Amino acid sequence: MSKSIKVVRGMHDIVPQQSPTWQHLEGCVRQVVQGYGYDEIRMPIVEKTALFVRTIGEVTDIVTKEMYTFEDRNGDSLTLRPEGTASCVRAGIENGLLYNQIQRLWYSGPMFRHERPQKGRYRQFHQTGVEVYGLGGPDIDAELIMMTARLWKLLGLERLELQINTLGAPVARAAHREKLIEYLEQHRDVLDEESVLRLEKNPLRILDSKNLAMQAMIEGAPQLLDYLDEESSQHFDSLKALLDGAGIEYRVNPRLVRGLDYYQKTVFEWVTTDLGAQGTVCAGGRYDGLVEKLGGKATPAIGFAMGMERLVALIEDRGLAVPGLAPHAYLVLVGDSAVAQGLLLAEQLRNALPRLRLRTHCGGGSFKNQMKKADKSGAQRVLILGEDEIAQQQVTVKHLRDGPPQASLSVDALVEYLKEQLLSH
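Counting from 1, position 167 in the sequence shown corresponds to residue 166 in numbering that gives the first Met the number 0; the numbering is continuous, with no gaps.
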């Protein structure tokens with residue numbers, strides 16, 4: 000026997016038992032973002048590699064170790080997108096959406112990174128992203144945070160902590176960077192191999208290291224908050240005041256950083272302790288320098304991304320998973336002549352009742368066998384069409400759960416019955 004082919008390591012199937020929870024999450028996301036007046040954008044899964052090299056940086060782990068990159072038949076280097084922001088900016092510039100315009104956009108779909116698989120981290124994973132262009136004030140920063148808080152409430156997710164920080168303006172960051180490098184050089188013997196590589200190119204990311212042996216050294220490092228320019232300080236104070244006014248609790252985390260130069264001012268994350276090492280379920284920040292970096296006009300921008308697998312895991316772990324929708328009714332067909340007429344009957348019922356979930360038995364089998372399958376489907380009613388029903392131009396209705404005894408109804412009467420009994424609530 001040939002060996003069966005398994006799913007690619009780090010990727011996973013979403014089976015029917017899990018789909019209702021995914022659909023519920025996706026529906027809640029769509030409800031919230033549309034409630035704030037945001038428009039959907041859809042970008043390709045594959046982009047030119049240069050897009051991510053330019054935006055994420057050649058020395059980052061994502062570019063050097065994690066991207067799925069290949070050469071196509073034309074010799075072009077292409078990459079499965081590892082994140083959505085760069086693609087969204089590229090699409091905005093290319094389609095003329097950004098210059099002198101305000102755009103509130105959202106997207107959802109798969110991303111790809113060749114990381115070590117673990118709970119909440121997959122090589123194909125799904126993100127929902129929200130991006131805003133053309134607005135530079137703290138009010139839009141606050142709106143995005145309020146949007147995420149509303150989503151958690153709608154999903155019933157509690158015990159999520161909001162952490163916020165500010166990265167200041169480029170001048171302030173440059174001054175802090177100089178002092179930070181000076182400090183880290185003095186503690187070079189404590190740095191791990193990864194941090195040594197980051198020291199010259201991306202020193203801010205060292206502050207985000209989870210290496211326990213480096214934590215005491217990191218705690219003593221110069222803080223960016225001490226180098227803030229006045230405008231960034233006022234922006235941050237205004238954001239905190241808006242969150243306070245909305246009753247949204249937060250913690251200022253001076254170690255919350257983004258290592259890329261185009262990030263400025265506000266950064267935020269929603270974190271949980273319920274998913275082990277992968278505690279961040281949503282991360283956002285202001286990236287005012289990225290549009291210009293990709294060839295567009297200077298444009299203020301802010302966005303966030305949510306890990307859908309991590310949110311599904313939280314929903315399941317907290318007992319909030321959504322059960323599947325059983326059929327309202329199961330149509331049993333007894334006899335050869337019932338099959339053709341039964342398929343037509345089912346279409347009649349669906350035409351008359353678009354909300355009806357009706358499963359029609361296919362594949363033949365005895366009446367007893369069909370009734371077992373009807374019961375297994377979870378349907379509330381079974382509709383029976385056999386030789387006698389065809390002769391009388393009726394359909395027998397039988398309760399599979401508690402209810403009155405079976406009855407025989409004309410098609411018109413059946414439509415009214417189903418509407419009243421199954422679809423009225």
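Some hints here could point you the wrong way.
Think about it this way: if two alpha-carbon atoms lie no more than 20 Å apart in a straight line, the pair counts; the simulated DMTMM-like pairs of lysine to aspartate or glutamate are [what the hints assert, rightly or not]:
1) LYS47 / ASP12
2) LYS152 / GLU248
3) LYS118 / GLU248
4) LYS209 / ASP228
5) LYS64 / GLU39
6) LYS209 / GLU419
7) LYS64 / GLU193
8) LYS178 / GLU199
9) LYS64 / GLU46
10) LYS118 / GLU315
11) LYS118 / ASP75
12) LYS239 / GLU160
Quick caveat, the hints were computed from the structure, so don't treat them as lab data. Predicted model only: the values in this text are computed from it and were never measured.
Checked hints:
| no. | hint | result |
| --- | --- | --- |
| 1 | LYS47 / ASP12 | 27 Å, violated |
| 2 | LYS152 / GLU248 | 14 Å, holds |
| 3 | LYS118 / GLU248 | 27 Å, violated |
| 4 | LYS209 / ASP228 | 29 Å, violated |
| 5 | LYS64 / GLU39 | 31 Å, violated |
| 6 | LYS209 / GLU419 | 59 Å, violated |
| 7 | LYS64 / GLU193 | 13 Å, holds |
| 8 | LYS178 / GLU199 | 12 Å, holds |
| 9 | LYS64 / GLU46 | 17 Å, holds |
| 10 | LYS118 / GLU315 | 13 Å, holds |
| 11 | LYS118 / ASP75 | 34 Å, violated |
| 12 | LYS239 / GLU160 | 15 Å, holds |
Hint compliance for this structure: hints 1, 3, 4, 5, 6, 11 are broken, all remaining hints hold.
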